[in-house]
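Visitor: Kindly generate the complete structure, drawing on both the sequences and the hints.
These protein sequence lines map, in sequence, to chains A and B.
Residue numbering for the first sequence follows this note's numbering, starting at 1 and increasing by one per position.
Residue numbering for the second sequence follows this note's numbering, starting at 1 and increasing by one per position.
Rather than coming from a laboratory, the hints here were simulated on the basis of the structure.
Careful: at least some of the hints might be erroneous.
Copies of one chain are not kept apart here, so a pair can be met inside one copy or by any two copies together.
Dumping the calculated EDC-like pairs for lysine to aspartate or glutamate here, alpha-carbon to alpha-carbon at most 16 Å [as the list claims (entries may be wrong)]:
1. K377 - E254
2. K442 - E25
3. K6 - E347
4. K36 - E347
5. K459 - E386
6. K442 - D26
7. K2 - D476
8. K86 - E254
9. K452 - D462
There are 2 protein chains.
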Amino acid sequence: MKYRLKVVPLRSEKFTVVLNQSDAEDLGLLPGDRVKVIVGKESFVAEADFTNLVESGEIGVCSFTAETCRLDEKCMAEVYPVSRPKSVEFIRKKLDGGKYSAVEMKSIIEDIAKNVLNDLEISAFILANEIVGMSEEEVQWMIEAMVENGERISFERGVIVNMHTIGGLPSNEFQLIAVPTVASAGLLIPKTASRAITSASGTADTMEVLADVNLSIEEIREITEKVGGVIAWGGATNIAPADDRIIRVEYQLEISPRPHAIASLLSKCLGTGSKFVSIDIPVGDGAKIETLETGRSFANSLVELGRRLGLTVTATLTEGSQPLGNSVGPGLEAKEILGILEARSAENPLVEKALSFAAILFEMTGIANDGYSYAKKIFESGKTLEKFREIIAAQGGNEKIKADEIPVGDKTFTITSQRNGIAKKINLQAVNEIARSAGAPKDKGAGVYIHKKRGDVVKAGDPLLTIYAEKEWKLDNAIEVARAEAPIVVSGMILEVYGRSR
Amino acid sequence: MKYRLKVVPLRSEKFTVVLNQSDAEDLGLLPGDRVKVIVGKESFVAEADFTNLVESGEIGVCSFTAETCRLDEKCMAEVYPVSRPKSVEFIRKKLDGGKYSAVEMKSIIEDIAKNVLNDLEISAFILANEIVGMSEEEVQWMIEAMVENGERISFERGVIVNMHTIGGLPSNEFQLIAVPTVASAGLLIPKTASRAITSASGTADTMEVLADVNLSIEEIREITEKVGGVIAWGGATNIAPADDRIIRVEYQLEISPRPHAIASLLSKCLGTGSKFVSIDIPVGDGAKIETLETGRSFANSLVELGRRLGLTVTATLTEGSQPLGNSVGPGLEAKEILGILEARSAENPLVEKALSFAAILFEMTGIANDGYSYAKKIFESGKTLEKFREIIAAQGGNEKIKADEIPVGDKTFTITSQRNGIAKKINLQAVNEIARSAGAPKDKGAGVYIHKKRGDVVKAGDPLLTIYAEKEWKLDNAIEVARAEAPIVVSGMILEVYGRSR
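Guide: Now the structure itself:
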């Protein structure tokens, strides 16, 4: 049977075709089935969907497919049902409690990278791995396949290092200080960062306030070779594309298996050609990892898998029960970091953490025996700020910008304490939600400024938290969220009293 | 923010709205997120998708949503992000190895029935139950919730019985003989049947050759009360709609957890108000259940769950390694069954099975001590055929039709044996695929006629299998499939020889 091609306005990043319901029945197709489409000498396999967007005798292709395969409307296409890819069977094996072979894992990851597997099939992969678990060998094959099915940076010379955080903690942008410190010492650090998914700002979002982060793999290599470091958005590259697709489905399922988190981190490190990697694991109430025990086992897996893949990994458990800085949201965090760099004082939790992570890389690569002193000297001398400006300039930003000049939202609202006492707890989830409701990360100037940290003495009327927004309606939303939750808990000295008569 | 409503041509049976990418980002939405839409005094929760089908400032609703909520284009709608339904958390609990409470299961099934959960969330439910497993109590709650969230038939008087097969075996339409036999004896049998999903013909597809099967629940009740029995398509009713949705996702995942198969069967029985149920479990190579051991445990679960739900269930393991009749495909099977009824001879595997199943119901309800003799008498007297004609007439069919008059495809091709020998194996999967390629079940006249069964003596040149199709191109497809597979294996007496020098 031949069908007339029609381009239809469907959003799709994979090969999808739509057929009229009656043609689909004629071909014996059900939703989720795949067809082989032959147009002239070209052919591709696509998932078939059914709709009345097209009439009987027509086949609709989304513009992505039309462009990728260079198809013209009015061409005639032959359509045949084809069976599911083999990789679906391999996933089935894991569901039955089995183990993937190296070849099977490679085939699954390749099919994910090439958009051959659909979201339901990817969800089966995620859930099987979450429930049944994966051996270290399986994770190793997964990472190798992720890297193979993507672009890779290779440097001709230099010691290539990297740094990552597993994230989840608001106001944790220490890497914007650590990366230029590391680069100042002559190491090459091609850092890729993520944008916020459920948080108020990812490192890429914050960096974007100061410079362009949508860099190609070629630009990342060039800038790193030129100034020693880069802070780019990983999503703009094609490093480990399978990982990006898996993460998108994980978000919808609200599930992220531990082995996948490890695969995600290490595949990005391998893809950027890094050899020495320092990884931050914040541990604390409300963070992604809540207990030291879980953190330790996570850290050990990272180190062991790094070893299997030829990477030297240091994983560090860090304080994760409250924000490191005071600012949450892209503009506010960029302002805070730049202010800290301008002040050159190491007496700040963000600086302390940044220098500790730079120190680890200095010691791992043998650049210094006392890495922290070495890093501190660089920072206090102003070299970190100077290198950061070079990186900003290389990424097309305004290298002369001062902290004061970074704009933040002009619609503000401050929440004050109702009582005297001590700030007892900062609810990380609530802080995130308030900042997101205010517009972060899309509205760069939106976010939250935290006036009191845990242990701070608070008087009635003292400001606890200021919300910044660019739009009035978003400020209103954020205030509503702040009222429903208790972002900062203030309690008096007396917590509970027993045995006192009323 | 207010958005202008626009109806868009999207196929969707659930509440879905589409927003422009930039508006979605403004609202902080990601694919799969849900929004509350307020239009005047009406409001509904929908899943948000992003597309350029609508411009910024517009919100697209599919026609299903527009009709259900009686929305007009050009109305203004308010849109707010809302969190995921609670039932997603309960599914998460099972993924972590936990157990559902009765309330949690009820909430999950209700959300599936009402289309609140999306396909990815339903896939998490299916996979968690498949891998972690379910207790009998959990399955009981699942079935109860499925029935509560659907329509139910209630009869004022009479003994209500039912019959089902777990399916998977081609040419197994014994129920078209058993149901009128049972109804002849004065029992009420409101049978709902399914259409083929992966097979060449479901009982509903075959019955549709003779009568209308798209009956409402009210019609099923009326016809059953009038003539004693009915054979209707379950999908046209709204009995246990959650089951229909779960099955649709299971098809795409190629996974059907055992507890779900049980829930599917028993919820349909409860929904039709049945008290005594006889269930067929074909066991054999290539059938859904391949070993007696698995069949026994399945049968025990069915009986025990029936007991919990107030149903008296008999589950029977039957020969499932080859087709019962010779015909595969709706028209061919209807023709074969009607011919058997006209011939009135009990010397036929399909009749033998049908009478055995009728006998079980006669003995369960106390209608006869020797159920088989009783059933045989009914069949041989011609009462079964007479009742079948009454049922056909009540369902709007031509009660006078004769087997000879049922049309089958006029494009045919016969595969003959290349050698002398014995028919050793019938490949059920291959037979199904050939019949489907030929056009079954959509083309009623398409299918396959099997000339030789297992153990039959075959001479070179003897016909093994005839393919029937309505369209030439489908016949060609079917021939191609038949050539690639070996639907009927013929082997000589000598299978393998060892130790003979060449």
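Visitor: Now look at each hint and say whether the structure bears it out.
Guide: Verification of the hints:
no. : hint        : verdict
1   : K377 - E254 : neither (43 Å within a copy, 61 Å between copies)
2   : K442 - E25  : between (44 Å within a copy, 7 Å between copies)
3   : K6 - E347   : neither (64 Å within a copy, 56 Å between copies)
4   : K36 - E347  : neither (63 Å within a copy, 47 Å between copies)
5   : K459 - E386 : neither (40 Å within a copy, 91 Å between copies)
6   : K442 - D26  : between (46 Å within a copy, 7 Å between copies)
7   : K2 - D476   : between (56 Å within a copy, 15 Å between copies)
8   : K86 - E254  : between (27 Å within a copy, 13 Å between copies)
9   : K452 - D462 : within (9 Å within a copy, 90 Å between copies)
Of the numbered hints given earlier, the model fails hints 1, 3, 4 and 5; all others are met.
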